[in-house]
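Here is what each chain is made of, one letter per residue.
Number of protein chains: 2
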Amino acid sequence: MFDFLIVGAGFAGCVLAERIASKLNKSVLLIDGRGHIGGNAYDYYNEDGILVHKYGPHIFHTDNKRVFDYLSQFTKWRIFELRVTASVDGHKVPIPINLDTINELYGFNFNEKQLVEFFKGVAKEISPITNSEEIILSKVGEELYSKFFKYYTKKQWDLWPSELDASVCARIPIRTNRDNRYFSDKYQVMPKHGYTEMFKKMINHPNIHLMLQTDFLAIKEIIPYKYIIYTGPIDSFFNYKLGKLPYRSLRFSFQTLDQEYFQDTGIVNYPYEYDFTRITEFKHLTGQKHTKTTIAFEYPTAQGEPYYPIPQASNWNLYQKYQTEAEKIKNIWFIGRLGTYQYLNMDQAVAQALDFFENTLKKVK
Amino acid sequence: MFDFLIVGAGFAGCVLAERIASKLNKSVLLIDGRGHIGGNAYDYYNEDGILVHKYGPHIFHTDNKRVFDYLSQFTKWRIFELRVTASVDGHKVPIPINLDTINELYGFNFNEKQLVEFFKGVAKEISPITNSEEIILSKVGEELYSKFFKYYTKKQWDLWPSELDASVCARIPIRTNRDNRYFSDKYQVMPKHGYTEMFKKMINHPNIHLMLQTDFLAIKEIIPYKYIIYTGPIDSFFNYKLGKLPYRSLRFSFQTLDQEYFQDTGIVNYPYEYDFTRITEFKHLTGQKHTKTTIAFEYPTAQGEPYYPIPQASNWNLYQKYQTEAEKIKNIWFIGRLGTYQYLNMDQAVAQALDFFENTLKKVK
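One line per chain: the protein sequences are A and B, in this order.
My numbering applies: residue 6 is where the first sequence begins, and numbers increase by one.
My numbering applies: residue 6 is where the second sequence begins, and numbers increase by one.
Just chain A, same shape as in the assembly (with noise of 0.2 Å):
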C-alpha cells in the first residue's frame, strides 16, 4: 500500500512527491503517461548533443524567494535574463514594447517623458474595458495593437483579442523605459544543467517510486494507496462527462543547423508573419557551446499535448462544475496547471504545490 499516489511528474507532482518523501516520510508513488519526467519543462540532449527544451522554451523567473530558495536545494543556477525581439517590418525590435522598440521603430529619439506623451495620444480611451483588445488599445492605440498584438493573439490562440478575456494581454507590460528585458523579476535563472536534472535531484529519494508510460487509469484498480494527488486534467479524471475543457496546444518543428547561431535572442517573435509565432534558439537559453545549433519554431494548434487553459468565462464555468464534483471525493486533490486549469507559470506551480502541502498535507494522517 503506497501513501500517496501522484499522478503527473511535472512541477506540482514532483514537489509534491519530495515534500511528502522527505517531511513527512510517506510512500509515494508518482506516476506519469509519458516516457520521461518534468511534464513540458523537460529537456534533453537530442542526437546531436545539443540541450533543447521538447516543449518549447521555459525561462525561470520569480519573485518568490520561497520558491527559489526551495529550487535551489536540487540545482545550480545559471543567471539568464531573456531578452525577445519581434520581427515588425523588417526590423528586430526588442519586445515587450519599450522606450528603444518604439525609437527604432518609428525612428525617433524620444526620451521617457516623451514616450508618455506619445502612447496618451495614439490611446483609445474605452471604459469600462471587457477583453484584450480593449485593454490594449486602451494603452497604445490602433497601429502598435496590429502590429504587435492582434494578429500573435489570433496565432496563439485561434481567437481575436476581443474574443479573449482582458487578464490574457494585460498579462504583458508596456514600458516606457529602457528595460528591454522581458521579463522584470527578481530571479531570472536558469538550472545550471537543465530541468530534467533538477527533477532528478528533487524526486531521488528511497520514499518515492516512479512509474512512467503508465496512465492513471492503467493502474487505479491495480496498485493500492490511501491518497490520491491528481495533477492530470481535471476532465479527464472524471472522462469528460462534463464536457471537455477546452486546451490550446503547441507543434514544434525543430531544425538542427550546422553553424554556430542563428539569431542574436533566444527567441524571435513574429507577430503577424508567418504561421509559427516564434522561433527558440536554445544554445542562448542553456548557455551551452557547440558547434551546430538548433532552433525550434513554434506553431500554436488546437490539437495535441495540453498546453494553455483557454481564458474564457464559458470555460472557467464548466471547471468550477468539474471542482464541485472534485470537492465531493474523498481522499483525492487535484493541483497544478491541468488539476486547476489555470494558466501558472513554474514558479506559480511551484508555490501553489508549496502552499498545498503546508495548508493541506501536513494535517493529513
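Take these hints with a grain of salt, some might be off.
[Said to hold, decoys possible] Below, in silico cross-link-like pairs of lysine-lysine (BS3-like), each with a Cα-Cα straight-line distance of 25 Å or less:
| id | chain 1 | residue 1 | chain 2 | residue 2 |
| --- | --- | --- | --- | --- |
| 1 | B | K326 | B | K246 |
| 2 | B | K231 | A | K225 |
| 3 | B | K197 | A | K294 |
| 4 | B | K294 | B | K31 |
| 5 | B | K225 | A | K225 |
| 6 | B | K206 | A | K205 |
| 7 | A | K288 | B | K231 |
| 8 | B | K231 | B | K97 |
| 9 | B | K297 | A | K81 |
| 10 | A | K231 | B | K225 |
| 11 | A | K294 | A | K81 |
| 12 | A | K225 | A | K249 |
| 13 | A | K294 | B | K59 |
| 14 | B | K81 | B | K197 |
| 15 | A | K197 | B | K59 |
| 16 | B | K31 | A | K81 |
| 17 | B | K205 | B | K28 |
| 18 | B | K81 | B | K70 |
| 19 | B | K81 | B | K246 |
| 20 | A | K294 | B | K297 |
| 21 | A | K206 | B | K160 |
| 22 | A | K197 | B | K125 |
| 23 | B | K160 | B | K249 |
| 24 | A | K288 | B | K288 |
| 25 | B | K160 | B | K97 |
| 26 | B | K81 | A | K59 |
| 27 | B | K326 | B | K225 |
| 28 | B | K225 | A | K31 |
| 29 | A | K297 | B | K197 |
| 30 | A | K297 | B | K160 |
| 31 | A | K297 | B | K81 |
| 32 | A | K225 | A | K326 |
| 33 | B | K368 | B | K28 |
| 34 | A | K231 | A | K31 |
| 35 | A | K197 | B | K297 |
| 36 | B | K294 | A | K288 |
| 37 | A | K206 | A | K31 |
| 38 | B | K231 | B | K81 |
| 39 | B | K288 | A | K297 |
Rather than coming from a laboratory, the hints here were simulated on the basis of the structure.
Guided by the hints, dock chain B onto chain A, whose structure is given.
Relative to the frame of chain A, chain B by itself:
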C-alpha cells in the same frame, strides 16, 4: 493485474519487455531499483554536455547477426573499432598482444613467422592447465605474463591469476598478426545516439509500464502479476539464505578537462602502475565533438554495484544451489548476467533473452 513483472531494466529485462509487449501483446511492469533504464550500459550527458557511460565503457561487438538485426530496430549505428593501448615500460603499445606490440616493446622488426618462433621460445610447457596463470605462461612465458597479465589481474580481481579459472585469461587473445583492434567480431558498432536512447525506443510500447527507484521487495506484495522474470542477483531474491554470491565491482572517477582530447585511443590500460586499471576517454567511443573532454579512471573494488561474477568454482557451486531452489518455484524465471551468475557480454545477454523468449515464454499461456 500485470501479465509479467520484470525485475531489472538492463539488456535482459528490456529485451524481454519488448518481446512480450510486441509479440505476445501481454502487459509488462518493468521495474528497476535505480532511477534510470539501461542497467550498466546506461549513458547520459554529463554536466558539461558530454555523453558518458556511467558504469564504465560499453563497446558493442558481436558475431551474432540475429542480435545485431534485433537491436537495429531500435537504433542506428556508428561503426567503431575499439583500439586499446597499454602503458608498459613507458611505451603505449597495442593490446591484445600482437606483432606490433612485441616489435614496439622490444625494438624488434619481427614478421609473423618470427613472432611465432619467439613465443615458442619463451612459452612454458604446462600440462594440465588448471588456472589463468598457467594458460598465459603456456602461451607467452614469464616476462610478458608479468608485464601484461599478472598485476592487471590482481588489480582487477584482487586475486592472482593462479587463483582464477583458466577461462578468465583464456578469453584474451594473443595474436601474431598486426590486427590491433581490441575485438575481432563481425559487427563492431556503437548505438549512434547512445545506449539509453536505444533502450528508450525498445521499451516505448503501450503494454510496457516502467517503474524506477523501486526494489522488488517494495512492491512484490502490493502489485499483482502472473509471472516474474527476475534479472537481478539470484541470491538477493532468496534473501541470501544460502550465502552471498560474490561480485567484483568498479568505481569510476570522472574528470572533465578543458582540452579537446586527453589520449589517442578510447581506452588506455595500466597493467601494473597505479591503482586504477584503465582510463577511458568517452569522446573516442561516441564520436562526439566537443571543446572539452571527459575521462574516467577505473578502480576495481570489492564493494559496490554488482558487475562481475567472480569466476571461481566455489561460487559456481553456490550458484547451482540457488538455481535448484529457483527451479522449485512456479511462474518465475531467472535470467541475465545477475540472474544466472555468469559473465555475459551485451550481445550474449541479448541472445540469452531472445532464446529464452523463443523457447520458453512463447509457450506460456
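List of violated hint numbers, smallest to largest: Numbers 4, 7, 8, 16, 19, 21, 22, 30, 38 - these are the hints that the structure violates, sorted from lowest upward.
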